[in-house]
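All chains, full assembly: derive it from the sequences and hints.
Number of protein chains: 2
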Amino acid sequence: MSEENQRTLERFIDDVWNRGDLDTIDAYLSGSYTVAHDPGDPWDGQTLSVEGFRERVRASRAPIPDQSFDIRSMLSDEKTVCITWLWRGTHRGEIAGFAPTGRELTMSGATVYYFEDGKITGHWQIADRLGIYQQLMSNAQGSDG
Amino acid sequence: MSEENQRTLERFIDDVWNRGDLDTIDAYLSGSYTVAHDPGDPWDGQTLSVEGFRERVRASRAPIPDQSFDIRSMLSDEKTVCITWLWRGTHRGEIAGFAPTGRELTMSGATVYYFEDGKITGHWQIADRLGIYQQLMSNAQGSDG
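Going line by line, the protein sequences match chains P and X.
Residue 39 in our numbering is what sits at position 39 of the first sequence, and the numbering runs on without skipping anything.
Residue 1047 in our numbering is what sits at position 47 of the second sequence, and the numbering runs on without skipping anything.
Simulated from the structure, these hints should not be mistaken for laboratory data.
Be careful, since some hints might not be right.
Here are some of the chain X residues that sit facing chain P, going by a computed Cβ distance under 10 Å [what the hints assert, rightly or not]:
#, residue
1, H1037
2, P1039
3, L1075
4, V1112
5, A1127
6, L1130
Derived DMTMM-like pairs: lysine to aspartate or glutamate, alpha-carbon spacing no greater than 25 Å straight-line [to be verified]:
#, chain 1, residue 1, chain 2, residue 2
7, P, K119, P, D23
8, X, K1079, P, E10
9, X, K1119, P, E10
For the chain X half of the interface with chain P, some residues (derived, Cβ under 8 Å), not all of them [said to hold, decoys possible]:
#, residue
10, E1078
11, G1102
12, T1106
13, G1109
14, A1110
15, Y1114
16, R1129
17, Y1133
Being a predicted model, the structure only gives us computed values, none of them experimental.
Quick reminder that beta carbons are idealized off the backbone N, C-alpha and C, glycines included.
In structure tokens form, the structure reads like this:
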């Protein structure tokens, strides 16, 4: 089960977060999805319906439509899969008040995904928010100058 | 080995980072320690000697001497142990130019530790740096007002 959940998570990241194929979400999620811990995420602490999760993906990807997660390491037990990742994307829409610049943004992070009967039920995540904030600030100052 | 490394890491976090017992470091480290990825850490990307690592712990703990890591989850394979954690400590010395306030600071993060023959050889880490920066800013404004 642990290995199978790892393969499921790889496909989930690729289908949903990298390619933005919202129709595949039903195959990966159980009835609900809990954002157990994700500082700075607008949905931190919430339990979402499948439709709510779809809206989260749609809204998160909108300003960075070519975003992609590169999984760097993966560990698992029967109920969880933990990944570390590098993320990149082109800044094409407003993010937290910062106007798009067309520049590349990068970020790193780690996420523990929770599984039940082969379906994803939520996550616990840390991302380097200060790193991306510094890039947004620096790009905004650059485009003003 | 995987289980044994988990127990070793628990003792390492408690002895070295929570209690600041620098004499125990020799028992946990191999010849060197590589900070493979740790955005914002002054030692990010460096390979330290045991003495260099001791200095890193000494300097990191100095402004927050009662700091402690609460391990929330742990996964491992033969060569790595990944933990997620909540951290707290009292701000007693200067941190990145912020004067001490005596207030509690909290942070969350995730760390992958690398092992070789039962010894720790380095880590890959993400911490919520923006969260702690916001607390330092808010406390500084509070003490000015």
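Broken hints, by number
As far as the earlier hints go, 9, 10, 11, 12 and 15 are violated by this structure, in ascending order.
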